[in-house]
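Whenever a hint applies, use it, and build me the whole structure from the sequences.
Every letter in the sequence shown is one number past the one before it in UniProt numbering, and letter 130, counting from 1, is 130.
Don't read these hints as lab results, they were simulated from the structure. All values derive from a computational prediction rather than experimental measurement. There's no promise every hint is true.
[Stated by the list, open to error] With a Cα cut of at most 27 angstroms, we get these calculated DSS-like pairs of lysine-lysine:
#: 1; residue 1: Lys159; residue 2: Lys81
#: 2; residue 1: Lys40; residue 2: Lys75
#: 3; residue 1: Lys324; residue 2: Lys258
#: 4; residue 1: Lys202; residue 2: Lys159
#: 5; residue 1: Lys81; residue 2: Lys53
#: 6; residue 1: Lys40; residue 2: Lys52
#: 7; residue 1: Lys159; residue 2: Lys2
#: 8; residue 1: Lys53; residue 2: Lys40
#: 9; residue 1: Lys228; residue 2: Lys210
#: 10; residue 1: Lys2; residue 2: Lys81
#: 11; residue 1: Lys324; residue 2: Lys300
#: 12; residue 1: Lys81; residue 2: Lys52
#: 13; residue 1: Lys234; residue 2: Lys300
#: 14; residue 1: Lys228; residue 2: Lys202
#: 15; residue 1: Lys159; residue 2: Lys40
#: 16; residue 1: Lys75; residue 2: Lys159
#: 17; residue 1: Lys300; residue 2: Lys258
#: 18; residue 1: Lys150; residue 2: Lys40
#: 19; residue 1: Lys2; residue 2: Lys75
#: 20; residue 1: Lys258; residue 2: Lys202
#: 21; residue 1: Lys75; residue 2: Lys202
#: 22; residue 1: Lys2; residue 2: Lys53
#: 23; residue 1: Lys234; residue 2: Lys258
#: 24; residue 1: Lys53; residue 2: Lys75
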Amino acid sequence: MKFLFLEPFYGGSHRDFARGLVEASSHEIDLATLPARFWKWRMRGAALHFIKKIPDLSAYDGIIATDLLSLSDFKALHPQKVPPCLVYFHENQITYPLAPGESMDFQFGFTDISTGLAADRILFNSRTHFNAFFDALPGFINMMPEYNPKWVTQAIREKSHVIQPGCRFPGGDLSLESPREPPLIIWNHRWEFDKNPESFFKALYSLDEKGVDFSAALMGENFQVQPKEFLWAKERIPHRIAVFGFVESREAYFDWLKKGLVIVSTANQENFGISVVEAMRSGCLPLLPDRLAYPEVLPKEFHAKYLYDGQDDLEARLEAMLTKPQNFIQDRPLISSAMACHAWENRVLEFDRELTQLAALHDKE
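Below, the structure is given as structure tokens:
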């Protein structure tokens, strides 16, 4: 069977998911993309671009799209009958945190709603994300002054399901390298406000002032403006920084992950966390907030040891991991093995079943 994948924001987790699915699936999938920038304009206008770029849909048994495409626009304006559509929600604009000084543009939330209604099938990347969306949706609809379409919550929920994304790493046995000396802290998240770099660097400054020996690999993509927290860190603790900036080579990126002792997240928004899973699979010990999707992704037997509550707890646990690694190092192979389930080779069958069911809707038309 043959599918068309429309990705308006081909970067970060969106790119990793699209490439992984295309490479791993037993189905033939054509990928159409736009660069990962100007997300608001992509959400408003990408459908119009794809309509002209791909005028003939007759070869496809189904369409795959992500949440940054206005699927209702695409289906309404395409000159041909559009085959059945599956939407993968990496994030949504109803629960996504606002940048400092930004106010909510309600139209983006309504684009999520219209996309959900236009889809034949919807997948969320975690149960956490699924629950957050459907918990918030009724309140969002109730903000309308009158004629509230309360029916849409159930209509969208009835065709929604959860499948965690695959990750582009081996799913079999893996031999771990010894961590680098001095202990290496990994930051491989997007350089944006919702990942809360201020809290992360506050912890690093505290460790530096105490004389704790460590280095930091500050990786991750930066799509537009470089956050000031990273520039300040480069000036304040240059002697601690082993890597500064996005590592273009995937091989080099994983080489750094394999050298890391601990992967830290301070995120205020995370619906799954591919970068954290990649680091844990490579041998990094996690230090993650006890919220968002992290308790869902990290096996329960590790929660007490590696999920923190608040800034003081983060700093205390990080110091302990750096100064007494012998108390933690035995967990590296256990956590790495637990992450193997997220490899595409172990996840793709779920997605292929979804696509087969999607194509069956096309056969019924």
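The hints, checked one at a time:
1. Only pairs whose Cα atoms come within 27 angstroms are accepted, and Lys159 paired with Lys81 is accepted, the gap being roughly 21 angstroms.
2. Between Lys40 and Lys75, the direct Cα distance comes to roughly 20 angstroms. Compliance with the 27 angstroms bound is thereby established for this hinted pair.
3. Annotation: proposed proximity of Lys324 to Lys258 holds, straight-line Cα distance about 19 angstroms (limit 27 angstroms).
4. Using a Cα cut-off of 27 angstroms, the hinted pair Lys202 and Lys159 is violated, with the two alpha carbons roughly 43 angstroms apart.
5. Proposed proximity of Lys81 and Lys53 is supported: the alpha carbons are some 16 angstroms apart, at most 27 angstroms.
6. Among the hinted pairs, Lys40 with Lys52 is consistent with the structure: their alpha-carbon atoms are about 20 angstroms apart, no more than 27 angstroms.
7. Under the criterion of a C-alpha separation no larger than 27 angstroms, the hint pairing Lys159 with Lys2 is consistent with the structure, at around 22 angstroms.
8. Restraint check: the Cα-Cα separation between Lys53 and Lys40 comes to about 20 angstroms, which is no more than 27 angstroms; the hinted pair holds.
9. Taking the CA atoms of Lys228 and Lys210, the gap is about 24 angstroms. The hint holds against a cut of 27 angstroms.
10. A threshold of 27 angstroms between alpha carbons decides the hint, and for Lys2 with Lys81 the separation of about 16 angstroms falls inside it, so the pair holds.
11. This hinted pair checks out: Lys324 and Lys300 have alpha carbons roughly 23 angstroms apart, not beyond 27 angstroms.
12. For the hint linking Lys81 to Lys52, the alpha-carbon distance of about 14 angstroms falls within 27 angstroms, and the restraint holds.
13. About 36 angstroms separates the Cα atoms of Lys234 and Lys300, which puts this hinted pair outside 27 angstroms; it is violated.
14. A C-alpha spacing of about 13 angstroms is found between Lys228 and Lys202, which places the hinted pair at or below 27 angstroms, so the restraint holds.
15. For a cut-off of 27 angstroms, the pair hint linking Lys159 to Lys40 stands: about 26 angstroms separates their Cα positions.
16. This hinted pair checks out: Lys75 and Lys159 have alpha carbons roughly 18 angstroms apart, not beyond 27 angstroms.
17. Annotation: proposed proximity of Lys300 to Lys258 holds, straight-line Cα distance about 24 angstroms (limit 27 angstroms).
18. Taking the CA atoms of Lys150 and Lys40, the gap is about 26 angstroms. The hint holds against a cut of 27 angstroms.
19. Between Lys2 and Lys75 the CA atoms are separated by roughly 18 angstroms; this keeps the pair inside 27 angstroms, and the hint holds.
20. Annotation: proposed proximity of Lys258 to Lys202 holds, straight-line Cα distance about 25 angstroms (limit 27 angstroms).
21. The straight-line distance between the Cα atoms of Lys75 and Lys202 is roughly 47 angstroms, outside the 27 angstroms bound, and the hint therefore fails.
22. A distance of roughly 18 angstroms separates the Cα atoms of Lys2 and Lys53; the hinted pair therefore holds under the 27 angstroms criterion.
23. The hinted pair formed by Lys234 and Lys258 meets the criterion: a straight-line CA distance of about 23 angstroms does not exceed 27 angstroms.
24. Taking the CA atoms of Lys53 and Lys75, the gap is about 14 angstroms. The hint holds against a cut of 27 angstroms.
Comparing the model with each numbered hint stated earlier shows that hints 4, 13, 21 do not hold.
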